[in-house]
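Assembly of the complex is requested from the two constituent chains, each provided in isolation within its own frame, with the hints serving as guidance.
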Amino acid sequence: KNQVEQSPQSLIILEGKNCTLQCNYTVSPFSNLRWYKQDTGRGPVSLTIMTFSENTKSNGRYTATLDADTKQSSLHITASQLSDSASYICVVTEWSSYKLIFGSGTRLLVRP
Amino acid sequence: SQTIHQWPATLVQPVGSPLSLECTVEGTSNPNLYWYRQAAGRGLQLLFYSVGIGQISSEVPQNLSASRPQDRQFILSSKKLLLSDSGFYLCAWSSGGGVGGEQFFGPGTRLTVL
Numbered sequence: 001k002n003q004v005e006q007s008p009q010s011l012i013i014l015e016g017k018n019c020t021l022q023c024n025y026t027v028s029p030f031s032n033l034r035w036y037k038q039d040t041g042r043g044p045v046s047l048t049i050m051t052f053s054e055n056t057k058s059n060g061r062y063t064a065t066l067d068a069d070t071k072q073s074s075l076h077i078t079a080s081q082l083s084d085s086a087s088y089i090c091v092v093t094e095w096s097s098y099k100l101i102f103g104s105g106t107r108l109l110v111r112p
Numbered sequence: 001s002q003t004i005h006q007w008p009a010t011l012v013q014p015v016g017s018p019l020s021l022e023c024t025v026e027g028t029s030n031p032n033l034y035w036y037r038q039a040a041g042r043g044l045q046l047l048f049y050s051v052g053i054g055q056i057s058s059e060v061p062q063n064l065s066a067s068r069p070q071d072r073q074f075i076l077s078s079k080k081l082l083l084s085d086s087g088f089y090l091c092a093w094s095s096g097g098g099v100g101g102e103q104f105f106g107p108g109t110r111l112t113v114l
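Here the protein sequences come in this chain order: A and B. All residue numbers for the first sequence refer to my numbering, where the first residue is 1 and numbers rise by one. All residue numbers for the second sequence refer to my numbering, where the first residue is 1 and numbers rise by one.
To be clear, the hints were calculated from the coordinates, so they are not data collected in a lab. Owing to the predicted nature of the structure, the values given are computational and were not obtained by experimental measurement. Treat the hints with caution; some may be incorrect.
FRET-style restraints, in silico, Cβ to Cβ [as the list claims (entries may be wrong)]:
(1) A:76 x B:67: 22 to 32 angstroms
(2) A:109 x B:39: 16 to 26 angstroms
(3) B:95 x A:18: 33 to 43 angstroms
(4) A:56 x B:17: 41 to 51 angstroms
(5) B:39 x A:22: 46 to 56 angstroms
(6) A:53 x B:15: 35 to 45 angstroms
(7) B:14 x A:41: 15 to 25 angstroms
(8) B:27 x A:54: 24 to 34 angstroms
(9) B:16 x A:16: 33 to 43 angstroms
(10) A:79 x B:12: 18 to 28 angstroms
(11) A:67 x B:13: 23 to 33 angstroms
(12) A:79 x B:55: 25 to 35 angstroms
Where a beta carbon is used, it is the ideal one built from N, C-alpha and C, also for glycine.
Okay, chain B solo, but in the shape it has when bound (with noise of 0.2 angstroms):
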């Protein structure tokens, strides 16, 4: 069966600081991922996709960047966090291959910059 991965599940983070959040996948091969963030009370806002490796389009302007060096791997960045970069951020997966499949989430990350 296939799982999803993310940790660090709690951080604060000073404004300023850099940001590296990870997303592991198991079970599956060549997944489309997904990074979308919750602010609170809102719906999700994708940030970032990729279809596989080194593939990485972008949904939303701002400071931060996604890479994927690996076929299960997805990493969410950012050289210096915002105060409004706080929320959940939360990775997702669906199968490759094709397109509007469903999407599996992870247990999500909960980052405060303070």
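With the rest of the complex left out, here is chain A (with noise of 0.2 angstroms):
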């Protein structure tokens, strides 16, 4: 069963702080992964988009990292800010296919 899991549920950091958060997927055949941004009451937003052959891609303070091999990616937050509070949502897509595979998410809460 195609499958996307997020650790941690959620996580409590400080403001300025860094983060990696985890994800893992069984989704096959695998066509590229994502990473979203879902503030409170907001529709999720792009952050990054890696295919199998990516390792690593960056966004500004955001950079998320693709093992195709072992099926793993994270995403790491420099410098963590205030407006970093959010849900992050880890999403697969499936090869030659719409559907998009969704983790839970990891709520991140940034406190000053």
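Here is the structure:
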């Protein structure tokens, strides 16, 4: 069964600190992996997208990594800001399919 | 540029009442359109998708239905709401003519069924 699992479920960090969110997937065949940021009560917004041939992709203070062999991805947030407080969702696309497989997300809270 | 609109933003409805949520996309033509539901603390669940006018595919059996009367309009409906229909409903679009493309989400509708 195609699944995407994220950890931790929730995370609290102090402003300015770094953090890493994890995503493991069993989706096969695999097309691409995206990380979305979802602010409370809003729709998700794409942060990064990686195909199976890409190992890392950065978007400002966000850096995503992908290991297609172990089917793991991580999202690293550097020098966190209060505005980083949100849910971060890992989404994997099946090959040649419209279907997106969503993780349940990691809820991040950045405290001053 | 493309934009996606949803309304209403929030809705409180009694059990057994009808539902109509609307989604429209601007700045693109022949998009693929999607309806998702997000329960509290859960991942997004795909409810319906459409690759063209009048073409609707259902992913999950339920008392909801979807329609696409125009190219860039997608409507989610119910004749009689259940308590379990409460949740955050998201509409999304992706470029038509291909699959697996990035999906762009609307602002969502928070539905509470009492």
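These are the hints, each one checked on the structure:
no., hint, result
1, A:76 x B:67: 22 to 32 angstroms, "violated, 42 angstroms"
2, A:109 x B:39: 16 to 26 angstroms, "holds, 20 angstroms"
3, B:95 x A:18: 33 to 43 angstroms, "holds, 35 angstroms"
4, A:56 x B:17: 41 to 51 angstroms, "holds, 50 angstroms"
5, B:39 x A:22: 46 to 56 angstroms, "violated, 22 angstroms"
6, A:53 x B:15: 35 to 45 angstroms, "violated, 50 angstroms"
7, B:14 x A:41: 15 to 25 angstroms, "holds, 22 angstroms"
8, B:27 x A:54: 24 to 34 angstroms, "holds, 28 angstroms"
9, B:16 x A:16: 33 to 43 angstroms, "violated, 51 angstroms"
10, A:79 x B:12: 18 to 28 angstroms, "violated, 40 angstroms"
11, A:67 x B:13: 23 to 33 angstroms, "violated, 45 angstroms"
12, A:79 x B:55: 25 to 35 angstroms, "violated, 46 angstroms"
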